[in-house]
Amino acid sequence: GAVVSQHPSWVICKSGTSVKIECRSLDFQATTMFWYRQFPKQSLMLMATSNEGSKATYEQGVEKDKFLINHASLTLSTLTVTSAHPEDSSFYICSARGGSGTSSYNEQFFGPGTRLTVL
Amino acid sequence: AQSVTQPDIHITVSEGASLELRCNYSYGATPYLFWYVQSPGQGLQLLLKYFSGDTLVQGIKGFEAEFKRSQSSFNLRKPSVHWSDAAEYFCAVAPSTAFYFGTGTSLTVIP
Chain A
11 GAVVSQHPSW
21 VICKSGTSVK
31 IECRSLDFQA
41 TTMFWYRQFP
51 KQSLMLMATS
61 NEGSKATYEQ
71 GVEKDKFLIN
81 HASLTLSTLT
91 VTSAHPEDSS
101 FYICSARGGS
111 GTSSYNEQFF
121 GPGTRLTVL
Chain B
37 AQSVTQPDIH
47 ITVSEGASLE
57 LRCNYSYGAT
67 PYLFWYVQSP
77 GQGLQLLLKY
87 FSGDTLVQGI
97 KGFEAEFKRS
107 QSSFNLRKPS
117 VHWSDAAEYF
127 CAVAPSTAFY
137 FGTGTSLTVI
147 P
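Sequences listed follow chains A and B, in order.
If you're matching positions, the first sequence starts at 11 in my numbering and goes up one per residue.
If you're matching positions, the second sequence starts at 37 in my numbering and goes up one per residue.
Keep in mind that a hint or two might mislead.
[Stated by the list, open to error] Only pairs whose alpha carbons sit at most 27 Å apart, straight line, appear in this in silico BS3-like list of lysine-lysine:
id: 1; chain 1: A; residue 1: Lys51; chain 2: B; residue 2: Lys97
id: 2; chain 1: B; residue 1: Lys85; chain 2: A; residue 2: Lys51
id: 3; chain 1: A; residue 1: Lys24; chain 2: A; residue 2: Lys76
id: 4; chain 1: A; residue 1: Lys30; chain 2: A; residue 2: Lys74
id: 5; chain 1: A; residue 1: Lys51; chain 2: A; residue 2: Lys65
id: 6; chain 1: A; residue 1: Lys76; chain 2: A; residue 2: Lys51
Quick caveat, the hints were computed from the structure, so don't treat them as lab data.
Chain A with its partners taken away, still in its complex shape (with noise of 0.2 Å):
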């Protein structure tokens, strides 16, 4: 089946400091890939939708010059977030799906998730 990785999957990092996570399709080709947060016992919010090549698409309220998100490749996006501060610390959980007519198209396959938390 579809794997998709993340890393790192777990990450501490001083206030002010960038954080760079990783969301890697593994075994197809990922025309677009979702970044979610998650707070301690809530659901997933949906933060930005990329698509390869494509600037993001951000949800209403996600700050987009705080959480830079780049899809240069099929197979990769990154979410960076810049000049983290506490209440930044989350999970952060990617998703992909494949093109249109291929069979990882309906669907999202979930990364492991990223647990992000700043001092």
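On the provided structure of chain A, position chain B as indicated by the hints.
Just chain B, lined up with the frame of chain A:
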């Protein structure tokens, strides 16, 4: 407004008992429907999905879900719960390319 509702925040069942987790959605047309399970600190695992066709879908780990168009519901069921089923369960709908998740139902299984 478009929404996904999981009315039960927390459910406790005895091991071996049956389980039903509720999910209702509010969208103009029938979206794609999914159920995911999440263990603490882990990512999401797909249990089952509905796109079209037979309204009763079978998933992994003995789970099934029934789509009822008239009720805009997609409830998850399992006839006999195992202790390892304790986790957080999320219903998700995809009216377009994006997924929208319910608030989740936390399942506790008591021996």
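Each hint tested on the structure:
no.	hint	result
1	A:Lys51 / B:Lys97	23 Å, holds
2	B:Lys85 / A:Lys51	23 Å, holds
3	A:Lys24 / A:Lys76	16 Å, holds
4	A:Lys30 / A:Lys74	14 Å, holds
5	A:Lys51 / A:Lys65	31 Å, violated
6	A:Lys76 / A:Lys51	24 Å, holds
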